[in-house]
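Undergrad: All chains, please: the whole structure from these sequences, using the hints.
2 protein chains.
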Amino acid sequence: MDNSCRPIGVFDSGLGGLTTVNELRKILPCEDIVYLGDTARVPYGTKSRETVLRYAAQDFDFFKQFDVKFTIAACGTVSSVMALDGGFGELCTGVIIPAVEAACRATKNKKIGVIATGASIRSGSYGRLIRQLTPDAEVFSQACPMFVPLVENGYTARGCVPAEFFAREYLEPLKRGGVDTLILGCTHYPLLSDIISDVMGGGVTLISSGAEAAKYAKRLLTEKKILNPGTAHGTLRLFCTDSPELFRENAEHFIDIGGAKVERCGLGN
Amino acid sequence: MDNSCRPIGVFDSGLGGLTTVNELRKILPCEDIVYLGDTARVPYGTKSRETVLRYAAQDFDFFKQFDVKFTIAACGTVSSVMALDGGFGELCTGVIIPAVEAACRATKNKKIGVIATGASIRSGSYGRLIRQLTPDAEVFSQACPMFVPLVENGYTARGCVPAEFFAREYLEPLKRGGVDTLILGCTHYPLLSDIISDVMGGGVTLISSGAEAAKYAKRLLTEKKILNPGTAHGTLRLFCTDSPELFRENAEHFIDIGGAKVERCGLGN
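If you read the sequences in order, they're chains F and V.
Take the first sequence: its position 38, counting from 1, is numbered 59 in the numbering used here, and each next residue is one higher.
Take the second sequence: its position 175, counting from 1, is numbered 196 in the numbering used here, and each next residue is one higher.
None of these hints come from the bench; they were simulated from the model.
Note that this is a predicted model, so its numbers are computed, not measured.
The beta carbon of each residue, even a glycine, is placed where N, CA and C say it ideally should be.
Careful: at least some of the hints might be erroneous.
[To be verified] Pairwise CB distance ranges, derived in the manner of DEER restraints: (1) F/215 with V/224: 37 to 47 Å; (2) V/106 with F/282: 49 to 59 Å; (3) F/86 with V/24: 48 to 58 Å; (4) V/105 with F/126: 29 to 39 Å; (5) V/223 with F/108: 56 to 66 Å; (6) V/86 with F/239: 31 to 41 Å; (7) F/282 with V/269: 36 to 46 Å; (8) V/129 with F/106: 55 to 65 Å; (9) F/26 with V/180: 57 to 67 Å; (10) F/265 with V/156: 56 to 66 Å.
TA: So, in structure tokens, the structure goes:
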């Protein structure tokens with residue numbers, strides 16, 4: 022197959038990566054996308070480094086059958102753990118490096134906040150990568166373990182008491198630290214951006230890791246001259262490792278999947 | 022080995038089953054216990070019936086090497102899904118049937134509430150089993166998906182705003198329904214019993230599914246004359262499928278594991 026017509030692969034432990042698919046479809050509407058959510062083993066963010074690396078290797082392998090031209094690990098946990106383990110090849114990316122680059126461009130006072138899952142924060146990747154680009158940056162990291170369950174259960178709107186409680190609990194130390202840029206290091210978090218922005222205040226730039234990964238994909242495919250030349254809307258194939266019905270039901274919090282078929286694959290059995 | 026000296030196996034998707042281990046050690050202090058937490062794939066409660074059954078079969082198989090005399094599936098999700106799938110053999114139990122029996126004995130007005138994970142509630146097991154014992158019982162079921170993350174992150178004390186918010190959100194319909202007995206159908210929930218009890222009021226009997234399973238084990242081992250005849254404290258061996266360090270760290274919310282060794286087993290890889 023002509024390189025440019027091959028699909029883009031996107032995976033996440035669950036459904037959060039669908040926010041990255043949304044961003045991709047906005048800026049690269051003609052690309053075909055294959056999505057994998059490892060819903061039988063979600064979440065990755067509470068698990069150890071070794072377990073996350075093993076699952077990620079299986080997720081990447083899954084896309085070989087589709088001959089993808091580019092792969093996005095749209096999982097903050099995989100991205101941050103892999104960033105310390107040799108990083109990514111040329112034709113794939115996680116969500117962390119594009120986000121770190123965007124944050125280092127955006128910050129004026131060099132105080133950068135990072136919120137992510139426990140595994141991402143424990144990995145130490147963000148701090149290390151930020152200081153590679155901006156050696157004198159001050160990094161404020163905060164694990165937000167309650168954000169994923171809040172999003173997955175639909176508690177994301179302004180006025181939601183527990184969502185606002187946890188946002189204050191997690192974010193006020195970063196606000197007091199004076200960060201002017203905040204990386205949302207988990208693809209679930211953009212759904213909480215209203216509440217996050219209310220706590221942080223309007224002067225703080227929020228960097229969505231999934232959106233930055235989508236922009237990175239566009240730049241790289243443009244540079245390599247392998248953008249899909251078609252003019253029709255690209256297709257979307259969705260795979261999960263647990264029940265497709267449950268996937269379809271829960272996906273509604275994240276994306277309008279329309280008529281896209283949801284298929285089960287055998288990973289993680 | 023003499024039947025009576027063989028250990029008891031207890032498993033859960035994660036750490037919640039340690040509350041059942043606590044109960045076992047209180048009422049059967051001389052028994053040796055082997056615990057398995059499938060922390061690489063936790064939680065089960067958000068997953069489909071087929072996936073839960075497959076994981077449960079692997080968990081039961083794990084105990085064969087220890088020649089256990091009795092096994093407790095201390096996982097509300099496994100218990101409720103298996104209860105509709107042929108049930109348990111004679112020398113094992115889930116946490117649901119003992120809890121249902123206790124609730125049917127305790128209720129005066131035959132209005133019984135059940136709170137559990139999404140998968141447990143979707144299985145319909147509780148309603149079906151309660152009506153087998155008490156055909157005219159009225160059953161009020163409620164999935165409480167935020168309770169497990171609250172417990173796992175230590176948000177369980179009276180006065181904790183989000184814990185009280187979700188307790189009211191989930192439990193007020195049951196209270197309005199007039200239940201006089203409430204089954205805590207997930208082994209994490211006893212850690213929230215203060216807050217649950219505050220919402221439900223003192224007149225409502227809380228049935229802890231893990232404690233009832235421990236009592237059931239004692240009755241059955243007594244009846245079969247295979248109680249451990251020793252007088253020394255039994256041993257505790259702990260296994261998990263993800264990082265032992267992470268297990269030890271998080272286990273502190275649930276149990277004093279003291280010097281017990283935590284080992285990793287290869288399940289779920």
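Undergrad: Starting from the hint list further up, note which numbers the structure goes against and sort them upward.
TA: Hints 2, 4, 6 and 10 are the ones this structure does not satisfy, whereas the remaining hints hold.
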